[in-house]
Amino acid sequence: MSVPDTIAGAARALRDGSVTAVDLLESVLERAHLTEAQLHAYLNIDRDGARAAAEAADADLAAGNDRGPLHGIPIALKDNMCTRGLETTAASQILAGYVPPYDATVVTSLREAGAVIVGKTNLDEFAMGSSTENSAYGPSFNPWDITRVPGGSSGGSAAAVAAGSAFGALGSDTGGSIRQPASLTGTVGVKPTYGTVSRYGLIAFASSLDQIGPITRTVEDAALLLQAIWGHDPRDATSYPGPYPDPAASLGAGVDGLRIGVVTELAGEGYEPAVESAVADMVAKLQEEGATVVEVSLPSFEIALSAYYLIAPAEASSNLARFDGVRYGLRVDGETTEEMMARTRGQGFGPEVVRRVLLGTYALSAGYYDAFYGQAQRVRAAIRADVARVFGEVDVLVSPTSPTVAFSAGARVDDPLAMYLSDICTIPSNLSGDPAMSVPIGLDEQGLPIGFQVMAPSLGEETMFRVAAEVERLAGFDARPEIPVVAG
Amino acid sequence: MPVDIDIAHVARLARIELTPEELETYRSQLGLILDHAARVQSLEGEPSVESSHGLGLESVYRDDEVEPSLDRDEVMASAPDSRDGYFVVPPALEQ
Amino acid sequence: MSWEAVIGIETHVELSTRSKMFCGCVVDFGAAPNTNVCPVCLGLPGALPVPNRKAIEGIIAIGLALNCEITERSVFHRKNYFYADLPKNYQISQYDVPVCHDGHLDVEVDGQTRRVGIERAHMEEDTGKSTHVGDGGRIDAASATLLDFNRSGVPLVEVVSRPDIRSAAEARVYAQELRAIVAELGVSDARLEEGSIRFDANVSIRPEGSEELGTKVEIKNMNSFRSLERAIEFEIARQIAAVEAGEELVQETRHWDEEAGETLSMRTKEGSSDYRYFADPDLVPLVVPADWVEEIRSTLPELPEQRRKRYAGLGLDPKSAEILSASSPVIRGLFDDALDAGAPAPAAFNWLTGEVTAWMRRTESEPSNLTGVRVAALIELVDTGVVSATAAKEVLEGVLAGEGEPRAVAEARDLVQVSDRGELAGAVEEVLAANSDAVERYRGGEEKVIGFLVGQVMRQTGGKADPKLVNELIRESLAGNG
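Residue numbers (numbering that gives the first Met the number 0), protein chains in the order written: chain Y, 0 to 487; chain G, 0 to 94; chain C, 0 to 481.
Simulated from the structure, these hints should not be mistaken for lab results. Where is the CB? At the ideal position from N, CA and C, for every residue including glycine. Heads up, some of the hints might be wrong.
[Unchecked claim] Okay, the calculated beta carbon distance ranges per label pair:
1. G:5 with C:251: 20 to 28 angstroms
2. G:23 with C:291: 51 to 59 angstroms
3. Y:58 with C:185: 52 to 60 angstroms
4. Y:47 with G:66: 51 to 59 angstroms
5. G:40 with Y:291: 35 to 43 angstroms
6. G:40 with Y:275: 25 to 33 angstroms
Please model the complete structure; the sequences and the hints are all you need to start from.
Quick look at the structure:
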């Protein structure tokens, strides 16, 4: 039986009767069975729960209760989203065995949309990282080359989608953690406008930067999955009340008449030639299709990385203070509460998490606040102003999603600064709150995927998806990774 | 120029117990990262710092309505140590 | 050396909203431990706060009652510190932009009124409760701390006074007045014994006339107004004695020990606290538009100070005004109604704070059969001599018991005095005729014989004569006849 490998395709097949939701789930579980040993995309596959959901989805459809495009579709969730009754660890030892008593809002939305939740995917611990090597439960690997990283922190979700062991997945993006792994695995990854997807139930890393978003095979699938999870949530005080744009409204409209800005600062030293030339080729094609292309300069982007590495750790140092061994998670005993907390955290947090918590604590501490955190917020305001100015002149901004293709496992773990540079293209839109997405446009000479980033103004998802769809059409990228099968 | 920090003080503030070797490693790593992060000080001018929320949301509230609380058994199931419905911890040094 | 005490009071007020500050858990004291908790107030991973609008209305009301400016755009900040009863290990509070600022509260002590500045009032959330078990203080295998998070997340308003208070007595009056205001507003139960209002004091001393501030000591654990006053008195004396003995004062927090009658040093923390305040990114700015403030202002009840002034304006002396102001809402309501019905203020005050209050205490019930109109009518009966002052007490009993209007009760109980001159003249003549020797003694200069003669007339009339009128008639008669 040939099972379609996109959400849109599967949705059609479900309704024309050629597959059932159980069939879809079986195909995904079969893929997982064949690839998990090599990829370790999942931390936890919930076979029983997924089975029950797939059967319920089939029964619903048969009874005429059609819940929409995500009905019966197997979706994977990054393990920093709370799922009631299902272990949620944020890939940390400090939450080993933790079972949340509630569902994140996005999980509730998916369930109500009839989606089948396959399981929880691997990530860098507490979403801090760009390679998924910081997971306390072992790294994930890239389906295109299993000696390389899938990117991070949503590496597990990206690997699962690329490998076909999920039809779509949710990731979270704080400094590029959806888009960069999507770029490195040849998938589509979207960070929506800040405030459009509820953060209630997302284990917080940096509250003013975190956003949940879709990772899918196609741009159309990303629009479908995004629409299933976004919307106003009264449980999140930062949630946007509306009105919401329609990301699918202009998918086939092409780029004729649109103004595209190429960001000067997001090129040059540190960018692999194959990446730069692929991006330049695509820009030329867009121009041929009728877009006006201009070079734009956003000088504040030069210090965006510096601002990010003060703001994100500062917020994280406060968000992670709750992990103290008192009410849930790991506890390492001590004679006093202070000792118990310090030991629990010392042993429960991995090195990258400790690094960022210490960094953030320092940046907020007495005597240093103004020069570091305070100043970083001013840089953020400057970035916002720069971006607002530029979006007066262009409709979208484009750049590579990542300066490089997937790097080898272990290549950057000992050099934190080198690791942080992976996010240089993606960080500005987290700081501004504007939406951005990555579209795969081809492979380099090593057969590794290259991602093209499109950024739009806040609530500009319709235009962003319009350009992304055209990029996807022009790229014609339909390659699939061949994952070496390991004898069971 | 790596920034010099009192790492032991920072670790105390963050309630993370580390060995002397770990403290030293983090101290030098943080010094390098902060050196890079200090570039934020190169920004000229004083742009006003508004809310960090991109869409400028203000005055978000909920009504004073009671909603069901969690089932205590489900809550206590995650507790590392509990007794008679209370969470139990070792005594605190400070009042 | 003459010393001056410089005192500031920090007050925490638990608001009596139905639900907590940032989540929908019920606010219910006395519930079984950890039964009113949810991901938000328990600090579970992924939880987010959403502010309770009613709590914001509450703090604005408190701010207006304290003559504060209401900040148009205020911000929530995180106060970061680790403590087992603080689930997120940060408290959502406010730092440099509180909801209310720059107000004042006037405090009267020994006939003198002083103005105490209110620096700010800000919104925050309460912590859980810790109970220590096992050997207190000593660390051993048996000792532990039990945690209950039912109180975690309850809305808390912190009111900070300026250090304008100059004596322990003033501090007590400040605290009592603040409590009365908050209770009157209806935003909190404001019961010191229950902990729904809590006071901490900051005490320092300086040479009289000096403008500089001395070393500040924080005093905690004062659980009654009396202990507040005693603790501050003790601390002032302690500081003066220490300084005069050449000792240096330490800036610290001290714990009031009620039994020992002294403040004790708490174990000092390693280094002072660095709370690393930053604006909470899970919350957005609080914009309070002027029309919302005015709406709240228009719903404010009459506050204690306003009421005292009003009573004074109605003719009550300051002492009576204070007593009435501190009386129950029922008594005060009856007073206002009685005056509306034309009763004179002093008489209404006397009846209500005297006989009526005594009746309420005796019967442990509300005077539901009494209205302001009936109070006024009762007073009128006495003033016009229809009943004697003594008989009026009985009439009141009857009215309170539900027997009807004062006049009807007086008649039913046969308490109406005879006040008709013509009716009494006959009885007076009879008594005078029958008591000629008493009459002689009166004419001889013995004034007090009149009492005896009045008594005789009372007996003659079965106690129903108006004694004042009888007195008058006797004098007239005796003056007239030679």
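Quick rundown of the hints versus the structure:
1. The beta-carbon spacing between residue 5 of chain G and residue 251 of chain C, approximately 24 angstroms, falls within the hinted interval of 20 to 28 angstroms.
2. For the pair residue 23 of chain G and residue 291 of chain C, the beta carbons lie near 55 angstroms from each other, so the given range of 51 to 59 angstroms is met.
3. For residue 58 of chain Y and residue 185 of chain C, the hinted distance range of 52 to 60 angstroms is satisfied, since their beta carbons lie about 53 angstroms from each other.
4. For the hinted restraint 51 to 59 angstroms between residue 47 of chain Y and residue 66 of chain G, the CB-CB distance of approximately 30 angstroms leaves it violated.
5. Checked against the given bound of 35 to 43 angstroms, the beta carbons of residue 40 of chain G and residue 291 of chain Y, roughly 37 angstroms apart, stay inside it.
6. At roughly 30 angstroms, the beta-carbon separation of residue 40 of chain G and residue 275 of chain Y lies within the given 25 to 33 angstroms, and the hint holds.
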